[in-house]
Structure formats: C-alpha cells, structure tokens
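Top to bottom, those sequences are chains A and B. So that you can map any letter, position 549 of the first sequence is 562 in this note's numbering, and since no number is skipped, the others follow by simple counting. So that you can map any letter, position 533 of the second sequence is 546 in this note's numbering, and since no number is skipped, the others follow by simple counting.
There may be inaccurate statements among the hints.
Put simply, identical chains are the same to the list, so a pair is met inside one copy or across any two.
To be verified - Capping the alpha-carbon separation at 27 Å, the derived lysine-lysine pairs in DSS-like fashion look like this:
id, residue 1, residue 2
1, Lys-583, Lys-436
2, Lys-360, Lys-402
3, Lys-197, Lys-147
4, Lys-199, Lys-147
5, Lys-196, Lys-147
6, Lys-199, Lys-237
7, Lys-583, Lys-559
8, Lys-436, Lys-584
9, Lys-197, Lys-259
10, Lys-135, Lys-102
11, Lys-99, Lys-58
12, Lys-135, Lys-197
13, Lys-102, Lys-147
For the record, the hints were derived by calculation from the structure and aren't laboratory data.
There are 2 protein chains.
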Amino acid sequence: MNPSISSRLSSLRLFLKDHGLNGWIVPTADPHLSEYVDEHYAFRKWLSGFTGSAGSLLVTEDAAALITDSRYWVQAEQQLEGSEIKLVKLNQSYAEDSADWFAAHLKPNECVGICSELISGKDAKNYARIFAEKHLLLSLIRQAPEETIWEDRPARTERPVFDHRVSPRSRQQKLTALQEALKKAKADYLLTAKLDDIAWIFNLRGSDVPDNPVFYAYALIPAKGTSTLFINEEKIPTELRLLLAKEAVSLAPYHSVGQVLSSLTSGTVLADPDEINASLHSHLSDQVSLLELPNPIERMKALKTLEEIHLISEAMLKDGIALVQFFAWLDRNLGKEEMTEQSVAEKLLAYRKSLPGYVSLSFETISAFGPNAALPHYQPDKSGGALIKGSGFLLIDSGAQFPEGTTDITRTKLIGEATDLMKEDYTAVLRANIRLAMAVFPDGISSQILDPLAREPIWQHFANFGHGTGHGVGFFLNVHEGPQRISYPRISPRTDAFISKETAMSEGMVTSDEPGIYRPGRWGIRIENLVAAEFAEENEFGRFLKFKTLTLCPIDLSAVIPERLQPDEKKWLNEYHALVRQKVLPHIHDERTIVWLEWNTREI
Amino acid sequence: MNPSISSRLSSLRLFLKDHGLNGWIVPTADPHLSEYVDEHYAFRKWLSGFTGSAGSLLVTEDAAALITDSRYWVQAEQQLEGSEIKLVKLNQSYAEDSADWFAAHLKPNECVGICSELISGKDAKNYARIFAEKHLLLSLIRQAPEETIWEDRPARTERPVFDHRVSPRSRQQKLTALQEALKKAKADYLLTAKLDDIAWIFNLRGSDVPDNPVFYAYALIPAKGTSTLFINEEKIPTELRLLLAKEAVSLAPYHSVGQVLSSLTSGTVLADPDEINASLHSHLSDQVSLLELPNPIERMKALKTLEEIHLISEAMLKDGIALVQFFAWLDRNLGKEEMTEQSVAEKLLAYRKSLPGYVSLSFETISAFGPNAALPHYQPDKSGGALIKGSGFLLIDSGAQFPEGTTDITRTKLIGEATDLMKEDYTAVLRANIRLAMAVFPDGISSQILDPLAREPIWQHFANFGHGTGHGVGFFLNVHEGPQRISYPRISPRTDAFISKETAMSEGMVTSDEPGIYRPGRWGIRIENLVAAEFAEENEFGRFLKFKTLTLCPIDLSAVIPERLQPDEKKWLNEYHALVRQKVLPHIHDERTIVWLEWNTREI
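Put together the whole structure using the sequences plus the hints.
As structure tokens, then:
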C-alpha cells in the first residue's frame, strides 16, 4: 500500500462522514472548467497519484476507483499500483461509468457528493438523472474537501494581466457588439466563467495557465452599462486599471462573484450551461430568469476579422522561419551529434525564442520518433526520450504564442529509409491534408461534416485515425478553441441520433487541418496546417467559402509517392511550396538554410 | 368564387360546428402515413382543388388556407384562384406554420381539430405543444369529416395480394428474426401500420398504391406465437390464406385493429412513433406499456442479403436492356419523327413492358427537356409536354418493379449542342456521381455524412443541389425506403443541433447515388445509379465498406469534358462502361443497337 495515498483517502473519508455522504467524485477540473488545470486544482492527482490530464477519482467508505480514457490506461495501471485504487476503463461516459461503479459499491438511496464548483450546471443535471436511474442520489457540495484536507496545497498561479494592444477590434467595439447580441437574445446580463472568452472580450491577457495566455476571472456583462470583472485586482497594473474604469469595466474581488449573483433581484441572465459551474448556478435567485444558450462570445471570438487574420499570418511567418531553421539544422547535424526527442524539441524552442515578440509555447511540444509517434498525444521524457537514429518517422507537433497570434503545426519527417507502407501511409495523410485545404463548401455548412472530405483518401487506403481532423485556434489565446470542430459525428446506438452539438463553418474561422495515420508499435504520421475560412464565390446557388492555408513551412517530400497524388493535389502542393519559399526565403540569411529551403520546396 | 369548392368548405364548417370546433386541418395522408396517397384519401385535393402531392388545408369559420412547399407554389396559386383559399408558403414546418396561421385567425383557447387517423402519434404531440405555445388547443378527432361530407368519394383500391415467392429469406426466417429482435428490446408485440414493412415481413405483395407493390393492412406481431394481419380477407387467395395459417399468420378484418388493441390488457407494445397514427395510439389501454423505438423491420429490410442483391442485379440487367434499346431508338429517330417528353416516356415504358416479369413502373416517369429539367420533380403533361428539338438536356428519371427488385435510374442526355457551362455542369455532376460510387468508408458511419463526398466536385464548381444525394430503395417494394439517406444534415439555428435522425450505413444497403445541378429557366442535370454497400476490407483500423454500382446503362459521354475528370474518376467511368457493355450486349440482338451500345460505352 502506498501510505500517503492511503492516508489522503482516509482524510477524504472523514470529510464524507462529517457531511453524511457515502461517496465522492473528484473530477479533473477547475471552477472555470478549463481544458488545462493548474497545480492548485490538481486534487485528483494529489489524492490518487495518477498524473494524466483526464480522469475522475471515485471514493466510497471502503473502495476507490479511477476512471480514465484509453490514452492513459497503461500509465494509470502503473501509477495506481500499490494503492487501493482500481482502474476503471472509460467505456460509455464519465457520468454513466461513475454511476455504474457507485451502484456496484453502494446501497440504493445512498448519496454521492461532488464539489459544485467543479462540474457544469448541465453535467450536474445529467449526472443527477443517471444516478437517479441507478437509485443513487447526487449531492452538490459547496465546501470543497481540498480546502481542508490538502496540506501543502500549491497556491494558485496569479500573474500580471496586460492589455492586448495589437487587437484590431477594440474593447469597446467588442463589448458593444456583445451587448447588441444580448439585447437580441432578450438577456439583461451575460455571466461567463470561461477564461479565454473573458480574456478575448476585454482584450486582456495573462499567464495563469501554462501556455494559455489567460487569467483567473469571472465576468458579468450587462446588456447596457458597466461590465464587472471578478478578479484579484493586484494582478492589474494601475494604469490598466484606470483605462478599464474609463472604458466602463469595473473590477470586483474574484471571490465576490457568488455574492453579487445572489444580490441580483430581477432580469434575465444568459449563461452557457456547459461553461458555468453548478455553484455559480446555485447563486442565482429564483427572481432571476436563466437563459441557457451558447455564450455569444464563443462565436464572436471564432469569427476572426481580416485584420486579425493578417496579424495571425505574421505569427505564422515567424513560426515558419523558426521551423525552417530548425529542420535545416536537423538535416545538417543528424548523424553528427546525438539527438533525442527532447533535445530536438529544445532546439526548436530555442529557434522560436529567438523570434521577436515570442511569448511562450502554445502547448507542450509533442516530439515523437518511431513507434512513439503512434501515440497521438505522446510527450518525451524531459530527460531525453528516444534517440533519433536509424529509420523512422519523427513527428513534431508544436506551437507558440505571439501577440499577433497562436500557432499550431505538425510536420512528420522521414529519418533514414521508408518502407513501401510507410510511403503509402505518408502519401495518404498528405492527400487528406490537401483535400481539406482545397475544399469549397456552402457558407454555414456544419463544420463537422467536412471531415469525410479529409478522411476519404485515408479510408481509400483502408486506414483511419482516432482524433478529429480540426479544432479552432485562438488569436493569441488557447490553441484549442470552440465552437467549430472538423470531426465527423458518431451515432448514438441508443437513440439513432447524433450525440454532439454542431457549428456552422463561417468566414474568418481559423481551424487546424491535421489528419494522421497511427500504426501502434510501428509509426505515426500527422501533417497539420492552420487554415482560415474565406469567401470564395456568391451566385445563384448561394455563398461559397474556401480555406486559405496560413501555416508556412515545407512539408517533407521524401516519403511522398508523387504518382499517388491526383493532379489537382500535386498542383496544390507545388503552389503551397512556392508560397512558403516566397514568404520565408527573404528572412533567411544563412546560405545553408537557403539551400535547404529551396530543395525542400522544390516542385515535384 | 369556385362554387363546388365553396359548398364543400361549407359542409366542412357545418361538421366543425356540430363538433364544437373552431378550425380543422386536412393533411395529405392516409391512416398508414404513406408517401403516396390513394384517391380514396385525397380529401385535401377534393376540398381545395389543389392537386399537388404535399400540403395541408387549414379551415376556420371564415377563412381557409393551403400550406405547401416551394415545388408547388406556382401550381397552387393557379389552382386556388377563384376560391377563398389563400396560399401559405411553407416556411418553418407544417406544425409551426399552421399554428401561426390559426393564431392569426382564431381567438386564444379556441380549438382546432384534425382526424386522429391522419397524423402520427409523434406529430400529434408536436402539434399540440406548438399550438399550446400559441394559446390554441389541438383536438384529435376519431370521426373523419370525409366519411360524411364527401359525396362520390372513390372507393379504396383493394387488389389481390400475392406471395413474393422469389424472396430468398422465407416468411418464417424473417418472423423468427423479428421475434428475436422484439425479445431483445423487451417488447411483447410489434405494432406496425407501415405498408412496405408489412409487405416485407410477410413476403406478400399487392398493388393497392400506384407503383408501390403494397396492400392496406396493419400487423400485430408478438415476440412469440401467431402474428395477426389486419386486412380485408377477400384480397388473399384461398391457397395463400391456408399457407399463411400454416405459417402462424392469422387474419383479422382490417377495421378490427383498434378493437384488438383495446382488448390488450398487459404487455409491452413496440411502436414507432413516426409511423403509428394517433388513433391507433389512443386504442392502447393504460395497462399496456408503449415502447417508442424505431420499427426493427426498417433496418432488417434495408440490409439486403447477397442473394437479394443478386436478384436485384437481375432486375437491373433487365432495366438496362430496356434503357439501351430506348436510347438507341431515340438517337436513331431524333429529328425523323416528332418527339415530346411524354411520347419518349411512353416509348421507354413500352420497352420496359416487353421485359419478362415486368410488374409496373416504380414511380411516375420524370421526362423533362430543356428548362423543364431544372424542376427536379417535373412531370410532363399527359397530353405531350414539351417538344424535344433544338439543343438542351433531356433528363429521364424512371424505374420499374420486377419480382427480382425495384429499379430507379436517371440519365441526362444531351440533345443538339452544349455550351461550355452545360458541359462544365454535366462533368461536375458526373464527377459527383463517381466520387460517391468510389467511396470507401468505415462500417457503421452515418449514411448522411457521406453526402459531402458526392457534393465536393459540385461545390468546387460553385454549384449545389437542393435534394438529397441518395435514398434507400426497396426489394420489389417502395422506390423510397428508409432508414438510410445520403443527405447532409442541416443545423437548427435555434438549438445549434442537427435536426434529423441518423442511420449507420451498413453492408447490404441499396441506395441511390443521384447528384444534380439545376439552373432555373435553363437546364437541369441528374445522373443516378443504385449502389449497394458491400464489404471492402478488415484490418487493424476496423472494418471498411465500399459501394458496388448495380445499375447497368451507359452514361451519356457527349457533354463530358474528359480533362476535368481526375485519373481515378476516368478509370472508374471506363471500367463501368466496359461492365455495362459486357453485361448488356449479349442480350441485344438488333445490329443498330449493338453499334449504339458499343459507341456509347467507348473508352475515353
């Protein structure tokens, strides 16, 4: 038995006893329901010893389990060994699998608690319904056990907030547009807890969450008048504080949000049930009507203006310069010096850091060689990871934050020799990337159903991949941003209906295009560019959009089977490489790198 | 004022008064909620004078309106002229538009009736909810006004029922499989009113509905024991009646279904809420539990066996022989004799009728020349329609019923000369047809989202079409059959979710592949083949399916721009034509037709 895990679980069980509860759920979440969770909120990790980025810990008086998804099963088995915590493999959904587990470990009508700050209002309802079907009660508890039982809990990261001055849309413009949207929706207020939405609407940035330029805050924005930002005021420099006051943004203490919500005595509050935690919900009095709709900021933020896309293109050019220098260095030095997955990631970081305005990575770099690349979310051990030698694909998925934009790019480089199947896989992935990049589609079509256009060349090759083809990308914000996704919807076997929400693909949306093929134990390939949806044509059939590829970096040609490309695909590839050469070459001054760039953007 | 319409509406208003109602809805429906409605059920047509295949008549004490969709707006304006009935253009949905109209013509809390036999249980709930939002009541009335006020109402077609002997799956096999499905769903009975499902499960056919080999009946099938077919017994020959009795199918009078349902005092009845009319629903007592799920017959019927597909291919060959003879005749005689849209349709019918086993058309032939072809559902005037002369596209969409299968094919033939845009449109439609025919996709993927694969070459050409790309086709049954469809789902602007149900595309499904381009006032193009989903490959990525094209008829090459076809598309086309030649040629004995077939299946 792991003694610290064991005593931590005992403390939690005392907490349960004190509160008259029979079970407890520890999700991986913060009160803002962020994708990435700060160490301060890593209670599940502290309690269980499991370090993966997703999972829920379930605890009763005499049992404990961790549910997580297939990415983490091997790791969880290892990390839970020696503790009483059993791994439960995620099968249906966290809600259903949790309910099943508690039903097997509790008696009918016993009660399971969860901290109301760490679950969305919508999920809370959903859990309660599913638990009720299993004759269990779900209780939302405001008091979090982590506040009392977690000794040495790390303080929350609280770094300075700054003005995002390069934003072409001013704070006032954005707030006015949002207020118009609120009036149209007949809402008196928008309540939001989503960190990137808050950063975006106020043109503010921070660095509280690693690689995401956001800061902890809530916001209450009225359809008319002064907005309130709930934030630790000390994070905001005095000058910026004065500016915000002048622009009708008032500040209030971070923790006062509940009290302010409780004090509302009338009006309609628009709140997205997916993003507002159940504790916030519970502070809204019955006199207030709640309008549960998608947060309008999500779509406003996704629809980048031409000026924003112009700035993003500048970030792409910077990133392209770093990547070209990096890959030229790699080709020059491979075999001459020892390289590991981690050392090349650090080299790439060094090139990026040398660029003007570089802020941070936009996510932890994935640098994976050979069989490691078959794990789409692999990250090398900080001490080095695999040696890069012999033959195999080196997959590098990385990105950076610049004030002009957020980048996200994957290149897969052939090291040594490729087998026929490696070349066929690589060519199929390249074709998939190009087919989506070349797509033309009616304005407003569901972003999700563009997915088969990318997948078809991979399906023709009798292969597939288990992640989406595209996600939205922020404007100097989160590298994963909604609402659009390119990812074909699955059918629920129970209801014969799609499970997911849909979003119209519209002009200005910046989305990744990242098909792949992964052969476990052998290799993995992914090619990723960012694309922006732009106007293509308007005629008697309506309005059509197309994609403009923003990323500027050569795509490795050494594993391409040119005869397998359709003529229009080959034309696209040659034109893309001509563009990369034209844009990047003027910024390269090292003769060897110039030669490398010319060769790697050659016509095929 | 049209005196007969006026007096008919007066009779309906007397009926309303007698029943204490303020309004009435006359939908286009029969008690089986069939796609095609017999003259006996054409009450809306008799009352309004409007002959279109879709629409609802709304009547109050002092107003009347007809709602119909855009296909019929011109026709409805003409046919309603001189009556008091106003055209309402279908905008949101029949339910919402009806509620809006009544809300504008009635006072709050007034009551609108509809015959409970002519609306599904699900629609009835939906209408009631929407009417309630507008402060109106909806009342489901068992007594139909058509029974009392419609003088000279045509009798319902009641033709003999016969055994579908060529079916490779026996009645017993099908019933056993269905009973297994019922047990699995924990249902004691299946109640179904859907005519093609009933025909399919009992391997029986009839000819009560034009072009659909079905007969009027209800069925109550228990999870164990004897099934009951509610039918006018006289339709079934004595020998067949004895055979059915031996095979545990008992007969009951058609109109006794309500009484039998009322007499059920326990058990669970599975009934598809989309296909059971509200009157049937109302006969189920409270002691019976209702399980509202898709009717399992729908999917069983859609998954054709290899033997069934083999038989369907025989029907396709027959149809191909007729079409080749027809198009060869057309080319030989064009310019020599006067041809109209109607006369060529009749010529094609004559060739089809000469085939062994020919039963009927599978739908009214669409024969459209020049601008008429821009209306996807155009049908020529029986007296002739447009003359075929000069230049333009002749679009013929037709099909037949054979005991071996149902056919549905569209060819668009260039008459005279084509402009560049006509050729570009034609080539884009051909590419769309081929891309879907060539598709490879994971087993079980939503059939709907295959649609973009077909549309992409048309979107690239900045065009689109307003109908689905594919519908299921029956096995000597209805030409439109569920549950699969190839038709991309639209997003509801209100909820950001898909509006429609989804179906997994599975091995054995026979579906049309019929993209088109329609330029109003100029021309229309559609190319349609039937394809069957079949096994392609199984490997570490799962199971993959592909389509096998079943239709055997040359695709007109005269408007194709060969350079616009991708190499794989050209290869597909040449291989398809080689197959058509190989299969059809041995059955053609006329030398001129042989020469025509060879030329029209030439390699390009």
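The hints, checked one at a time:
{"no.": "1", "hint": "Lys-583 <-> Lys-436", "result": "both (16 Å within a copy, 25 Å between copies)"}
{"no.": "2", "hint": "Lys-360 <-> Lys-402", "result": "within (17 Å within a copy, 73 Å between copies)"}
{"no.": "3", "hint": "Lys-197 <-> Lys-147", "result": "between (41 Å within a copy, 21 Å between copies)"}
{"no.": "4", "hint": "Lys-199 <-> Lys-147", "result": "between (39 Å within a copy, 19 Å between copies)"}
{"no.": "5", "hint": "Lys-196 <-> Lys-147", "result": "between (42 Å within a copy, 23 Å between copies)"}
{"no.": "6", "hint": "Lys-199 <-> Lys-237", "result": "within (12 Å within a copy, 56 Å between copies)"}
{"no.": "7", "hint": "Lys-583 <-> Lys-559", "result": "both (18 Å within a copy, 26 Å between copies)"}
{"no.": "8", "hint": "Lys-436 <-> Lys-584", "result": "both (19 Å within a copy, 23 Å between copies)"}
{"no.": "9", "hint": "Lys-197 <-> Lys-259", "result": "within (26 Å within a copy, 67 Å between copies)"}
{"no.": "10", "hint": "Lys-135 <-> Lys-102", "result": "within (23 Å within a copy, 38 Å between copies)"}
{"no.": "11", "hint": "Lys-99 <-> Lys-58", "result": "within (15 Å within a copy, 68 Å between copies)"}
{"no.": "12", "hint": "Lys-135 <-> Lys-197", "result": "within (24 Å within a copy, 32 Å between copies)"}
{"no.": "13", "hint": "Lys-102 <-> Lys-147", "result": "within (19 Å within a copy, 49 Å between copies)"}
Taken one by one, the earlier hints all hold for this structure without exception.
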